[in-house]
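I would like the entire structure built from these sequences, with the hints used as guidance.
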Amino acid sequence: MKQLFITLLLLTCTVTGWSKTFKTIKTPKVTACAIPFKEKITVREVVLTDTATTLHLCIESPAGDPFILNKSSYLKDESGHRYPLRSAEGVMLDQPISSPKNGPTQFALHFAPMPQRVGMFDFIGGDDFYSFMLLGIHDKNTPLTTPRLEALAESHPYVLPTEWFKNDSITIRGRIMDYDAAKFGFNHLECYYENIFEKEQGLLMLNIAPDGTFEKKFPACYPVREAFFAGNSNIAFSEIPFFARPGETIDVTVQKNARGQYECQYNNGSCKDAERWLKAKLPFNGIMNALRYFNGPFSQAQPLAETLWKNALTLLALTSERDGFTPMEEQLALADLQVSFASALIEYAMNREDDFSKKAEANGQKEPSGADKAEMDALNDPSNFKLLSRIPFDNPMLTASSSFPVLINRLRFAPPVFSGQFASLGKMDSVKITANIQQKILNNKRAALKKLMGCNDSNLILQICIYKDIQENFKEWRNNEALILGILADTSLTEQERLAEAESLPALNNMLSPYLEVLSSPFIRQQADLFCSAAMMEQDIATPLPANNAAAERIRQLSARFPGRYLLIDFWGMGCSPCRAAIQKSKDLRASIAQRKDVKLIFIAAENTPQGSEAYRKYVKEWLADEECICLSPAEYNQLCELFRFNAIPHYETITPEGGRVREDLSINGFHNFDDEFARLQQQAQSAQPAAIGVPADAVEGMIINFNEK
Numbered sequence: 000m001k002q003l004f005i006t007l008l009l010l011t012c013t014v015t016g017w018s019k020t021f022k023t024i025k026t027p028k029v030t031a032c033a034i035p036f037k038e039k040i041t042v043r044e045v046v047l048t049d050t051a052t053t054l055h056l057c058i059e060s061p062a063g064d065p066f067i068l069n070k071s072s073y074l075k076d077e078s079g080h081r082y083p084l085r086s087a088e089g090v091m092l093d094q095p096i097s098s099p100k101n102g103p104t105q106f107a108l109h110f111a112p113m114p115q116r117v118g119m120f121d122f123i124g125g126d127d128f129y130s131f132m133l134l135g136i137h138d139k140n141t142p143l144t145t146p147r148l149e150a151l152a153e154s155h156p157y158v159l160p161t162e163w164f165k166n167d168s169i170t171i172r173g174r175i176m177d178y179d180a181a182k183f184g185f186n187h188l189e190c191y192y193e194n195i196f197e198k199e200q201g202l203l204m205l206n207i208a209p210d211g212t213f214e215k216k217f218p219a220c221y222p223v224r225e226a227f228f229a230g231n232s233n234i235a236f237s238e239i240p241f242f243a244r245p246g247e248t249i250d251v252t253v254q255k256n257a258r259g260q261y262e263c264q265y266n267n268g269s270c271k272d273a274e275r276w277l278k279a280k281l282p283f284n285g286i287m288n289a290l291r292y293f294n295g296p297f298s299q300a301q302p303l304a305e306t307l308w309k310n311a312l313t314l315l316a317l318t319s320e321r322d323g324f325t326p327m328e329e330q331l332a333l334a335d336l337q338v339s340f341a342s343a344l345i346e347y348a349m350n351r352e353d354d355f356s357k358k359a360e361a362n363g364q365k366e367p368s369g370a371d372k373a374e375m376d377a378l379n380d381p382s383n384f385k386l387l388s389r390i391p392f393d394n395p396m397l398t399a400s401s402s403f404p405v406l407i408n409r410l411r412f413a414p415p416v417f418s419g420q421f422a423s424l425g426k427m428d429s430v431k432i433t434a435n436i437q438q439k440i441l442n443n444k445r446a447a448l449k450k451l452m453g454c455n456d457s458n459l460i461l462q463i464c465i466y467k468d469i470q471e472n473f474k475e476w477r478n479n480e481a482l483i484l485g486i487l488a489d490t491s492l493t494e495q496e497r498l499a500e501a502e503s504l505p506a507l508n509n510m511l512s513p514y515l516e517v518l519s520s521p522f523i524r525q526q527a528d529l530f531c532s533a534a535m536m537e538q539d540i541a542t543p544l545p546a547n548n549a550a551a552e553r554i555r556q557l558s559a560r561f562p563g564r565y566l567l568i569d570f571w572g573m574g575c576s577p578c579r580a581a582i583q584k585s586k587d588l589r590a591s592i593a594q595r596k597d598v599k600l601i602f603i604a605a606e607n608t609p610q611g612s613e614a615y616r617k618y619v620k621e622w623l624a625d626e627e628c629i630c631l632s633p634a635e636y637n638q639l640c641e642l643f644r645f646n647a648i649p650h651y652e653t654i655t656p657e658g659g660r661v662r663e664d665l666s667i668n669g670f671h672n673f674d675d676e677f678a679r680l681q682q683q684a685q686s687a688q689p690a691a692i693g694v695p696a697d698a699v700e701g702m703i704i705n706f707n708e709k
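Okay, so the sequence shown: first residue is 0 according to the numbering used here, each after it adds one.
No lab work stands behind these hints: they were computed from the structure.
Warning: the hint list may mix true and false statements.
Below, simulated DSSO-like cross-link-like pairs (lysine-lysine); rule was C-alpha separation at most 30 angstroms, straight line [to be verified]:
no., residue 1, residue 2
1, 139, 37
2, 70, 37
3, 385, 28
4, 182, 216
5, 596, 617
6, 70, 139
7, 385, 467
8, 280, 198
9, 385, 39
10, 431, 198
Here are the in silico distance ranges between beta carbons for each label pair [claimed, not checked]:
no., residue 1, residue 2, range
11, 471, 681, 23 to 29 angstroms
12, 562, 295, 58 to 64 angstroms
13, 26, 256, 31 to 37 angstroms
14, 644, 231, 22 to 28 angstroms
15, 488, 388, 50 to 56 angstroms
16, 577, 292, 19 to 25 angstroms
17, 140, 264, 36 to 42 angstroms
18, 560, 488, 39 to 45 angstroms
19, 140, 577, 47 to 53 angstroms
20, 25, 233, 36 to 42 angstroms
21, 488, 167, 43 to 49 angstroms
We put the beta carbon where it would ideally sit given N, CA and C, even for glycine.
As structure tokens, then:
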């Protein structure tokens with residue numbers, strides 16, 4: 000016992016009093032901070048000794064939002080050397096931690112000792128994608144210079160390949176060395192890849208064979224930076240990042256490095272060319288979370304945005320110099336930074352607007368008033384977004400960022416654009432959308448996008464935004480074409496009245512051309528033409544599900560259980576508020592649908608256990624007790640996401656009695672308009688051939704306008 004006491008005493012003295020302190024940095028500076036969500040993390044002090052490097056930190060997180068500190072955390076110096084975490088004081092590692100109500104959580108982390116000469120280093124909270132990162136920690140006396148944007152662009156010029164846009168495919172193949180599914184904790188990887196030119200967006204599943212080999216081929220039409228990741232992993236490896244161009248087959252080997260950690264070795268192609276950029280994992284989205292979730296007025300958000308912009312530029316310059324980025328890698332990283340910054344600034348405005356609207360609703364008001372209204376007006380003023388003018392929205396390299404689809408969405412629904420498209424049209428909830436009104440909306444939206452982006456022409460990004468509007472409008476325009484046939488046959492109207500009403504409907508014959516005229520880019524116009532042609536070739540109400548596909552077989556078996564019935568499948572989840580709201584609001588309607596013999600409602604959710612969580616079972620008992628509910632594992636659920644090409648919920652699919660997938664423009668989209676949509680589907684099914692629709696030779700597809708939602 001005495002021997003044990005002496006040993007413990009010696010260990011304690013080694014870490015504390017008997018160690019030699021090289022340096023103590025009070026309130027050090029941090030070049031950039033990447034956070035998973037709304038947390039705030041700061042370094043109070045750094046102590047460098049010959050036995051350990053200790054960081055004294057504090058974290059504040061919103062009530063009810065615990066954070067996790069990983070035991071795989073480490074420090075990384077300017078040369079890229081790692082110093083692993085040895086112990087922690089004041090917190091438990093790998094356990095959810097909630098900040099106390101009376102202030103932040105203060106704690107200390109002890110790492111392997113760094114050399115005395117280290118001038119700048121990073122704190123990496125583990126190899127998990129959503130880890131904390133404090134980058135460029137340094138003494139306040141260490142001089143740092145923020146590079147000018149122009150300098151970054153001009154010092155390492157890069158000539159864009161002539162075929163940046165190209166309709167082809169990408170293949171990712173390779174092997175995980177020493178793979179063991181039980182040991183690793185996963186037998187497949189997933190990728191949330193979104194091709195901006197496709198309307199349906201799904202999930203890519205990369206199955207791993209018992210010998211560790213894998214291969215996945217998917218269509219692509221521009222270079223992409225994405226990652227296949229594991230939902231759960233038992234080892235310190237969970238993703239395969241990649242950068243690839245259309246037409247490439249990328250070969251990747253996952254194996255242990257000199258530190259005994261699994262990492263990707265890129266054997267060819269664009270991945271090898273951009274390997275330093277891929278492995279740097281520059282966390283621009285995490286850095287911009289401080290802006291994205293900022294809960295203050297625009298007058299305070301703008302200086303915060305400027306600070307984060309400078310921090311990100313500095314981080315990029317430091318990383319590029321340290322890792323030896325090529326001109327291509329530096330320009331790809333810069334484009335990713337620009338996409339993340341622009342998305343975060345707009346998302347801040349959208350979040351603030353949403354908060355004000357909810358506050359007004361809670362107070363029984365239709366819209367904000369007083370100071371809230373003044374702030375709302377600021378959020379809708381494009382002049383307050385002048386920081387976006389530094390983004391080169393005509394640069395094709397922006398498309399390579401994994402956040403590019405998010406940027407397009409945020410631009411289309413940014414407060415100045417969403418409100419600006421209806422300028423001078425009055426209260427839209429009382430305005431009938433005619434072809435003339437739709438044309439004005441198009442013109443207003445183009446003008447609003449130009450003001451927001453600070454440009455005078457229809458740049459590449461503006462054209463993609465309008466292309467997405469065409470996609471969303473197409474279903475409505477196509478349906479209106481069918482209505483026109485009925486109007487022209489209505490004998491209760493005069494010929495003049497029939498023609499006037501038919502011409503007033505926004506439809507393919509009068510709306511496609513104005514929208515297509517915006518698409519001056521040959522490639523974007525080509526994509527629009529391909530989209531239109533494919534949609535108009537869909538004459539059957541449904542398409543067969545693929546053979547030799549586990550997810551499709553699951554649907555066929557489900558259909559066989561309810562012969563002669565259409566299936567309306569509701570993909571939902573306990574964490575989805577809109578899903579639960581739709582289920583609860585439709586309770587009475589669903590009771591009447593249950594009496595029908597021609598349709599069956601199916602509710603599919605993903606849970607980590609076969610029976611679902613206690614909360615899931617309780618909810619089903621209360622709201623879905625009489626419905627057909629299916630609880631799948633995340634992997635099984637993701638197979639259906641890939642089959643039906645969706646990556647967000649609620650999502651609805653309609654299956655015919657023969658087991659075919661009903662085409663998008665006839666599929667039942669939820670319960671709110673079930674009777675009309677199902678009647679229309681049955682009518683189309685009874686017709687030998689759908690009525691032919693005349694489309695201009697220069698046509699394409701498009702969007703349902705909802706003035707109450709974004």
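Now the hints, each set against the structure:
| no. | hint | verdict |
| --- | --- | --- |
| 1 | 139 <-> 37 | 26 angstroms, holds |
| 2 | 70 <-> 37 | 21 angstroms, holds |
| 3 | 385 <-> 28 | 28 angstroms, holds |
| 4 | 182 <-> 216 | 27 angstroms, holds |
| 5 | 596 <-> 617 | 28 angstroms, holds |
| 6 | 70 <-> 139 | 28 angstroms, holds |
| 7 | 385 <-> 467 | 24 angstroms, holds |
| 8 | 280 <-> 198 | 29 angstroms, holds |
| 9 | 385 <-> 39 | 27 angstroms, holds |
| 10 | 431 <-> 198 | 26 angstroms, holds |
| 11 | 471 <-> 681: 23 to 29 angstroms | 25 angstroms, holds |
| 12 | 562 <-> 295: 58 to 64 angstroms | 59 angstroms, holds |
| 13 | 26 <-> 256: 31 to 37 angstroms | 35 angstroms, holds |
| 14 | 644 <-> 231: 22 to 28 angstroms | 24 angstroms, holds |
| 15 | 488 <-> 388: 50 to 56 angstroms | 53 angstroms, holds |
| 16 | 577 <-> 292: 19 to 25 angstroms | 20 angstroms, holds |
| 17 | 140 <-> 264: 36 to 42 angstroms | 40 angstroms, holds |
| 18 | 560 <-> 488: 39 to 45 angstroms | 42 angstroms, holds |
| 19 | 140 <-> 577: 47 to 53 angstroms | 52 angstroms, holds |
| 20 | 25 <-> 233: 36 to 42 angstroms | 40 angstroms, holds |
| 21 | 488 <-> 167: 43 to 49 angstroms | 46 angstroms, holds |
In this structure, none of the earlier numbered hints is contradicted; all agree with it.
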